[in-house]
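K.L.:
Each chain, letter by letter, is given below.
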Amino acid sequence: MAQLSLTVNGTKVSREVAPQTLLVEFLRETLRLTGTHMGCDTAQCGACTVHLNGNAVKSCNMLATQAAGMKVTTIEGIAAADGTLHPMQEAFNQCHGLQCGFCTPGMVMSAIDLVTHHDCSSEAKIREGLEGNMCRCTGYQNIVKAVTQAAAATKAMA
Amino acid sequence: MNARQAFIGQSVVRREDARFLTGNGQYTDDITLHGQTYAVFLRSPHAHAKIKSLSTTAAAQAPGVVGIFTGEHFKAVGGLPCGWLINNIDGTPMKEPRHPILAHGKVRYVGDRVALVVAETVDQAKAAAGLIEVDYDVLPAVIDLAGANGAPAAVHDEAPDNRCYLWQIGDKEGTDAALQGAAHISKLTFHNNRLVPNAIEPRAANAHWNPSSDDYTLYVANQNPHVERLLMCAFVLGIPEHKMRVVAPDVGGGFGSKIFLYGEETALVWASKQLRRPIKWTAERSESFLSDAHGRDHLTTVELGLDKDGKFVGLRVDTTANLGAYLSTFATAVPTILYATLLAGQYTTPKICCTVNAVFTNTAPVDAYRGAGRPEATYTIERIVETAARELGIDPAELRRRNFIHSFPYASPVGLTYDTGDYDATMNRAVELADVGGFEARKAASEAKGLKRGLGYSAYIEACGIAPSSVAGALGARAGLFEAGEVRVHPTGKVTVFTGSHSHGQGHETTFAQVVADKLGIPMEDIDIQHGDTGKILFGMGTYGSRSLAVGGTAIVKALDKVIAKGKKIAAHLMEAADSDIVFEGGQFKVAGTDKSIPFAQVSLTAYVPHNFPHDKLEPGLNENAFYDPSNFTYPAGSYICEVEVDPATGVVRIERFTACDDFGNVINPMIVEGQVHGGLVQGIGQALMENCVYDPESGQLLTGSYMDYAMPRADDIPHLTVETAKGTPCTHNPLGVKGCGEAGAIGSPPAVINAVCHALGIKDMPMPASPHNVWKAIKASR
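In order, the protein sequences belong to chains A and B.
Each step along the first sequence adds one to the number in the numbering used here, with nothing skipped, and position 89 is 89.
Each step along the second sequence adds one to the number in the numbering used here, with nothing skipped, and position 606 is 1606.
Do not rely on the hints blindly, as some may be mistaken.
[Said to hold, decoys possible] Listed below are the simulated EDC-like cross-link pairs for lysine to aspartate or glutamate, each with C-alpha atoms no more than 16 Å apart in a straight line:
1) B:Lys1569 / B:Asp1616
2) A:Lys145 / B:Asp1716
3) A:Lys125 / B:Asp1717
4) B:Lys1536 / B:Glu1624
5) B:Lys1187 / B:Asp1318
6) A:Lys125 / B:Asp1716
7) B:Lys1050 / B:Asp1161
8) B:Lys1566 / B:Asp1595
9) B:Lys1126 / A:Asp41
10) B:Lys1106 / B:Asp1135
These are computed hints drawn from the structure, not numbers from a lab.
Note that the structure is predicted; figures quoted are calculated from it, not measured.
Throw the hints in and build the complete structure from the sequences for me.
P.N.:
Structure (structure tokens):
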């Protein structure tokens, strides 16, 4: 077992973990933060996307211990403390950007990274930016709409 | 309906989103019980083999192992049942070989369940599974669909020709004669490609047995928990139904694949009592590919006869349908009742005959996948109609218009009676939205770039809300096809609605609440919609076949009618008026023609605090339930137009425009309906351009067993879709006038795409998927 200390959603946590534990397993099983989902075995679907020091990563694709000392943000950690939704969460709701909700946490985390760090000036660029996250329900149209709306809101705030 | 509130018809944003957007959804794998153990299934590495010996001795000694079970343990337990009996042409019943919980003696597909290993952790269960020693005697595998009947091996001894049934519908002699007299016959043979449903949440189950009460609880990613319970209790494990609670909590997409009773959850339930511990299993994605029921996989030859004026005179269809290695829950109904009965499409074709040869192969079971039979029917009709149009040089939209049904109700020659529709309206609007008039100019622009451009049409019809039970029963269904709903009015006028429909993305918690809010004249905030738990809901047939609103929603409406009727009697008593003088509008019970009224909440309070109450006529309380068995299917229909650009150098197909105009009857929430169409369209476009499930024809190994090999549509594969819901022709036989919208997109879109690719390349046929490789091959072959 290895001792792992890191910050998750603003709270410092320290736990013993088996060295082979994936970050997603640590979040879901050890910390019981079950909002982060596992949809595939091959880092293809993106349902497990979280932020590591502010950048989107697929948490099924790294060991928990690789996140030692870093800041992890999950879907549970993006709304304001008073429950006010993040603009991306709000946009997904307004635009009907989710159906079954299973890919949604990963999609939202990727989308936040996308509008924060990348060019969202066209629908084509947004679609390309979402390529790492699969959704089987929405056909992506309303996800793209939500990201477009949130990107505009983010730009307006900046 | 209450005009003041009018939630119906509004794009109300979804109430269920709050939990999904914040990570508070609760899916099956999120549930961990006290004393939890974890299961792993050892699966067959061979498509077809005898199990010569199986030893679990070493595995049982491995760290953390709690129990190991094999087919030997399940010998005395029933097999998984098939829910629909189909008869052969000669009247004899289909072959129905045993579908074991765990393989016994023989394995029949790669991924077949061989052993269940339960341990303290998943890793320990996996490690122990690797220590199970199985000695296989590998047999030749039956993989090729076309050759299954004559294959040297038999998947099941009782079906030496690998035939489950040979079934027929329609007027064979009449159809043969009509084709003989036809001025023109168009003919095609094609494969409706095999698909893997791929809900992003893998299948999962968590089974728990309570030793003090001898009760079981099963949490399972499932679309119809009551059906799951009924099948598992009554037909497999012999558990009294009242001793089993099935909970389908938040479910991450279904698309059909979570309708069925699978061996995994059945084994877990049985073993949970043996081990006296809760057992959780969650499929890895590779397991989902191997073991979820697949979809489609039909080999079809179709002939359409036309007279000299382009009127359809006869349609002859021969289909070989792959059922896989075992009969999944509704497998046998998909290529028959849900397929061949739809072959009239939107047309007046007077003579139709369809023969279906359903075969066993050494592949995963095949069952309902979004559309289930109706996409295969639509592909068959819409490909051959378009082919005829191109062969005869008639505009494809015009040829369709010439043959559209214009008079309703319409009794088709393959057993259905369409209640209503307006096929010209959706076709004409789609042509307008797609700017078909500008196509030639766009084509010229493409040609200038060395690219090919094509236009493809599809005019689909589907039948939703499989019904009525009596007819389904006469056709072989072993289940009823009604729905149940309960409206529990609380003393303060707040309402909890319990529905047998199950939401796994469809937005019932919003749509159903809109209906209830309008009907009762109360705010949506005062209404809660509950589903997915046999411990709470009186009964339910679940969600599939785009049936939830048309059947489940109607059951709720019927229960609401009873609530209002009782409320009127209570109100009449309170206002000292005759029952017949009370009207209910805007959430108020009123004495007609007077200004006397009392609000809904006062009536509900009186029902539970019945001091001044007509005890001689009524019981206290305000809680009503209803079961609704529809008198007919509903018939959504529409027209889709796809415009593609093909690069002949690379074979890459780009969808430039996709236009959909659907008639779903009345619409409760347009935003949710459009979302359903988007998702359906992309699954259909995925089938047409990308997705393909492939087994090695010799070894039977699944070659497309991960997202690295099976091409799922991603955001950048798909264009912006133009989707419009027509004003529509309301369904005539349910009070909401709704038809269902969940599957339409997946049903109507594949032929539109392939018709467009064929048009662009000037070729008669293009196998699905129209991947760059397949397109490039087709271009080479056409030269």
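K.L.:
For every hint, state whether the structure bears it out.
P.N.:
Hint by hint, here is what the structure shows:
Annotation: proposed proximity of Lys1569 of chain B to Asp1616 of chain B holds, straight-line Cα distance about 12 Å (limit 16 Å). As the CA atoms of Lys145 of chain A and Asp1716 of chain B are separated by approximately 14 Å, the hinted pair is consistent with the 16 Å bound. With a C-alpha separation of about 12 Å, the suggested pair Lys125 of chain A and Asp1717 of chain B falls inside the 16 Å cut-off, and the hint holds. Between Lys1536 of chain B and Glu1624 of chain B the alpha-carbon distance is near 14 Å, which keeps this suggested pair within the 16 Å criterion.
Of the supplied pair hints, the one linking Lys1187 of chain B and Asp1318 of chain B holds, its CA atoms being roughly 11 Å apart against a limit of 16 Å. Restraint check for Lys125 of chain A and Asp1716 of chain B: the C-alpha separation of about 9 Å stays at or below 16 Å, so the hint holds. For the given pair, Lys1050 of chain B sits about 19 Å from Asp1161 of chain B by alpha-carbon distance, which is inconsistent with the 16 Å threshold. For a cut-off of 16 Å, the pair hint linking Lys1566 of chain B to Asp1595 of chain B is broken: about 21 Å separates their Cα positions.
With a C-alpha separation of about 15 Å, the suggested pairing of Lys1126 of chain B with Asp41 of chain A holds against the 16 Å cut-off. Of the pairs offered as hints, the one joining Lys1106 of chain B and Asp1135 of chain B holds, with about 11 Å between alpha carbons and a cut-off of 16 Å not exceeded.
Checked against the numbered hints above, the structure breaks hints 7, 8 and satisfies the rest.
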